[in-house]
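Q: Listed below are the residues making up each chain.
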Amino acid sequence: MQLTRRSLLTRSAALGCSLAASPLVTPVSFAAAPWDTRLVVIILRGGMDALDVVQPYGDADFSGLRRTLSGGPGSGALDLDGFFAMHPALAPLLPFWRKGELGFVQAVSTPYRDRRSHFDGQDLLEAGTSALGEARGGWLNRLLQQLPGTEARTAFAIGQERMLLMDGAAPVSQWAPGAGLAMSPQAERLAGLLMEEDPLFHAALNEALELTRQDRLPALEEEGVDSAGMMEMMAPPRGKAHAEIAAYAAEQLRGDTRIAAFSINGWDTHSGQAKGLQAALGRLSETVLELHRGVGAEIWGRTAIVAVTEFGRTVRENGTGGTDHGTGGAMMLAGGAVRGGRVFGDWPGLSEADLYDRRDLMPTGDVRRHLAWLLHGLAGAGRNGLETAVFPGVEMAGNPGLLL
Amino acid sequence: MRFDPDLAEIRFGAGLSPLLPPPQSAEDMLRRLQGPDEMALRFPVSSFDEAFAGVSDFRRLRKQRRELEGSSGYEAADKAFKTYRRERNETRLNWHGQRILRHVATRDGFRERLVLFWADHFTAQGKSGPMRVLAAPYAESVIRPHVAGRFEDLLIAAVTSPLMLHYLDQLRSAGPGSRAAKRRKRLSGLNENLAREVLELHTLGVGGPYSQADVRQLAELFTGLSVSQDQGFVFRPGMAEPGPETVLGKVYGGGRPEAGQVLAALRDLARHPATARHIAWKLAVHFTSDQPEPALIAHMAALYQESGGQLLPVYAALLEHPAAWQPELANVKPPFDYVASACRALAVPQARIAGLRAGQTRRLLLSPLTQMGQRWEFSGGPDGWSEEDASWITPQALAARLRWSMSAPRRLQQPLPDPRRFAGAALGRYAGERVHFAAGAAETEAEAIGLVLSSPAFQRR
Numbered sequence: 010m011q012l013t014r015r016s017l018l019t020r021s022a023a024l025g026c027s028l029a030a031s032p033l034v035t036p037v038s039f040a041a042a043p044w045d046t047r048l049v050v051i052i053l054r055g056g057m058d059a060l061d062v063v064q065p066y067g068d069a070d071f072s073g074l075r076r077t078l079s080g081g082p083g084s085g086a087l088d089l090d091g092f093f094a095m096h097p098a099l100a101p102l103l104p105f106w107r108k109g110e111l112g113f114v115q116a117v118s119t120p121y122r123d124r125r126s127h128f129d130g131q132d133l134l135e136a137g138t139s140a141l142g143e144a145r146g147g148w149l150n151r152l153l154q155q156l157p158g159t160e161a162r163t164a165f166a167i168g169q170e171r172m173l174l175m176d177g178a179a180p181v182s183q184w185a186p187g188a189g190l191a192m193s194p195q196a197e198r199l200a201g202l203l204m205e206e207d208p209l210f211h212a213a214l215n216e217a218l219e220l221t222r223q224d225r226l227p228a229l230e231e232e233g234v235d236s237a238g239m240m241e242m243m244a245p246p247r248g249k250a251h252a253e254i255a256a257y258a259a260e261q262l263r264g265d266t267r268i269a270a271f272s273i274n275g276w277d278t279h280s281g282q283a284k285g286l287q288a289a290l291g292r293l294s295e296t297v298l299e300l301h302r303g304v305g306a307e308i309w310g311r312t313a314i315v316a317v318t319e320f321g322r323t324v325r326e327n328g329t330g331g332t333d334h335g336t337g338g339a340m341m342l343a344g345g346a347v348r349g350g351r352v353f354g355d356w357p358g359l360s361e362a363d364l365y366d367r368r369d370l371m372p373t374g375d376v377r378r379h380l381a382w383l384l385h386g387l388a389g390a391g392r393n394g395l396e397t398a399v400f401p402g403v404e405m406a407g408n409p410g411l412l413l
Numbered sequence: 198m199r200f201d202p203d204l205a206e207i208r209f210g211a212g213l214s215p216l217l218p219p220p221q222s223a224e225d226m227l228r229r230l231q232g233p234d235e236m237a238l239r240f241p242v243s244s245f246d247e248a249f250a251g252v253s254d255f256r257r258l259r260k261q262r263r264e265l266e267g268s269s270g271y272e273a274a275d276k277a278f279k280t281y282r283r284e285r286n287e288t289r290l291n292w293h294g295q296r297i298l299r300h301v302a303t304r305d306g307f308r309e310r311l312v313l314f315w316a317d318h319f320t321a322q323g324k325s326g327p328m329r330v331l332a333a334p335y336a337e338s339v340i341r342p343h344v345a346g347r348f349e350d351l352l353i354a355a356v357t358s359p360l361m362l363h364y365l366d367q368l369r370s371a372g373p374g375s376r377a378a379k380r381r382k383r384l385s386g387l388n389e390n391l392a393r394e395v396l397e398l399h400t401l402g403v404g405g406p407y408s409q410a411d412v413r414q415l416a417e418l419f420t421g422l423s424v425s426q427d428q429g430f431v432f433r434p435g436m437a438e439p440g441p442e443t444v445l446g447k448v449y450g451g452g453r454p455e456a457g458q459v460l461a462a463l464r465d466l467a468r469h470p471a472t473a474r475h476i477a478w479k480l481a482v483h484f485t486s487d488q489p490e491p492a493l494i495a496h497m498a499a500l501y502q503e504s505g506g507q508l509l510p511v512y513a514a515l516l517e518h519p520a521a522w523q524p525e526l527a528n529v530k531p532p533f534d535y536v537a538s539a540c541r542a543l544a545v546p547q548a549r550i551a552g553l554r555a556g557q558t559r560r561l562l563l564s565p566l567t568q569m570g571q572r573w574e575f576s577g578g579p580d581g582w583s584e585e586d587a588s589w590i591t592p593q594a595l596a597a598r599l600r601w602s603m604s605a606p607r608r609l610q611q612p613l614p615d616p617r618r619f620a621g622a623a624l625g626r627y628a629g630e631r632v633h634f635a636a637g638a639a640e641t642e643a644e645a646i647g648l649v650l651s652s653p654a655f656q657r658r
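Line by line, the protein sequences give chains A and B.
For the first sequence, the positions run 10 to 413 when our numbering is used.
For the second sequence, the positions run 198 to 658 when our numbering is used.
Treat the hints as calculated values from the structure; they're not laboratory data.
The structure presented is a predicted model; accordingly, all values stated were derived computationally and were not measured.
For every residue, glycine included, the Cβ atom is placed at its ideal position computed from N, Cα and C.
Just so you know, nobody snuck in bad clues.
Listed below are the simulated EDC-like cross-link pairs for lysine to aspartate or glutamate, each with C-alpha atoms no more than 16 Å apart in a straight line:
#1 B:K276 - B:E264
#2 B:K260 - B:D275
#3 B:K479 - B:E397
#4 B:K324 - A:D129
#5 B:K479 - B:D317
#6 B:K324 - A:D123
So the derived label-pair ranges between C-beta atoms look like this:
#7 A:G109 - B:S604: 47 to 55 Å
#8 B:S425 - A:N408: 50 to 58 Å
#9 B:R283 - A:S72: 36 to 44 Å
#10 B:R381 - A:G158: 50 to 58 Å
Derived coverage of chain A by chain B (criterion: at least 3 residues anywhere in the stretch with Cβ under 8 Å from a Cβ of chain B; other residues may be distant):
#11 126-133
#12 184-196
Work out the full structure, taking the sequences as your base and the hints as a guide.
A: What follows is the structure, given as structure tokens:
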């Protein structure tokens, strides 16, 4: 083969055509997605303090546990139901609560106990097993293996971080917005030429170029909305990684993706929790708002967002205005598909005798049971598969009614 | 079979260098491997004992800080602790640079590859703050001295290393009938983690001839393997399960518990025919392809058994077998190997890497590995990094390789080499027509270098 600059240019035109026709990269979906609801799983890394996020101000023991960390509506929290109040940093989400599109589950945990290590705690949360090493990969991937008709785009892990919950034999997509290829068009063509004869590299390159292209395209351009003012108003906040991730997730969820997963960090509030949690909850609020904006009203109605964390924190405030690694925690639910406006879970109480190890919120429910019911309701996964393969050993028992 | 020097350096070594000649024969490679470890002397990395001693300092400073919480001395204690922690992280980055420099400067590339291979086979990771920097010193002191010795010595060194005992939870494993378990209710009891992985990953292999009962018995035999802050590995008879244990039909122990009984079992496991096959298969996968030739595996396993688990004859068997010399480049280089071989092809000067500030080392040489899918020294589990080509070449990871190859070289080597000559230097005769064309047709030097480094020919070996 004789390569010249001219032949390269002709070839790359041909390459461009074949790229557009490739089923791997075409933006038009051929296959109908296997189900129509949307699930967003957010891993809150670092251990979110359940008692500061959903404050049990109606519990007589609560006020004595925390010196500086405020509690209850008297300190600016938003009353939810006369017993629990929501941290003020979640105020932007209050309209969702009022519409029944925001809820919480209190006093839940994974089966992880006692060692209180972030890494093991997160690994177990994402593995979905009762102990580490009991099953391969993560629970979302094992869910995909249970369901017919899924393809790589069905589930999308977003961000640079490894999302263990998506690891496994079923193909999934992963991409971080802004992580695309920054090459000149000439270098793109030459890279294509270099990789053309190696199918593994060629397929990955084409997909990467396509994802980069989508990344650069303002989401609405594709739909023909080109009013500059509109664009500006609707564009996701720049420079905020979590919002960009949420906007990217929303864009995928408007297409073939049915499940998106990503993480929000910054929950390990050992000191100065008042400030740290404010910032983390601000990111969580903006993320939910961005997802709501990004998927649009129709898909929002079929969407459930669930935010989970590896463990809760100590019920008592420590000496540095923070809390330490604990056990029982909380999960947050949002979206038009959830039965919000309520705090789920069995409240264990906060008296000394009610605590786990006399220091932590006692977990009264298994995070995995609630997740299993979400997967059952949203993706139609069978109970048997959920209890044996996705979350081996979990007992789903009665339906907690998290979904409409 | 004619020895191919370029292929030898690409497939079994550190990749081609414009400054250093490739090995001239298999004997040459094995002779260097048995000779002095020049790279370890020239680019030192702390020994495990030295780095492990730092764990005590870390804990002491952290404890002091905690004790002073709320008092006037807190700020100073907090600063002392944070300074220590930062310096330790900077030291880790320095080790990382040293290890890359070894790949750049070595004429004994097979040794560097074997160190990576065995450190991965015996993956051990720190799970707590003070332990998290120890992987490089572990590779240095526990793995590196044994890569040309006997497999059983490597196995024993790894399994009794404080880092492994910590990583796979052996530290807290007490026999249910041990004195320690009777005295203290809080001891969680037997932990099978290390015993299972020794059988499944380190020796016999997942399909090997062992049962859950063997795992349990080996876990009971392992009780007593522990770590002391001052001495490192210790055997604590008080934690050992009394009575004999039967592993693969052979009885160990019975009398007074001692470490020797554990070592005897490890030696027997190391010499087991299933271990010979497992190790031969793993080496063949790593050095040749995801689907290695059965004849190659059989040849290596036979030499393993014949020599009683001596590794040199196994390597010799690999290097003499025609299946190891298929001319098509096969395996995809994992990210560390990719970056290190790129630095070698660029002939990045020692002073450049040694002169990087910690943050620069992180940005140029460490964080990019995470983006390429390899969070360096923290693989997902005790089974280490994937050998599967497809697991490295995902859209996101390939994009990260392209980004690195287009942007990092000009920060590591100035001026950049002439791209047309660079194609030949980096790939020898594996630089095909397309690579030469791309090197000449790119619009900028940096993109041309990046294209050569991102060609499948450079990413495979």
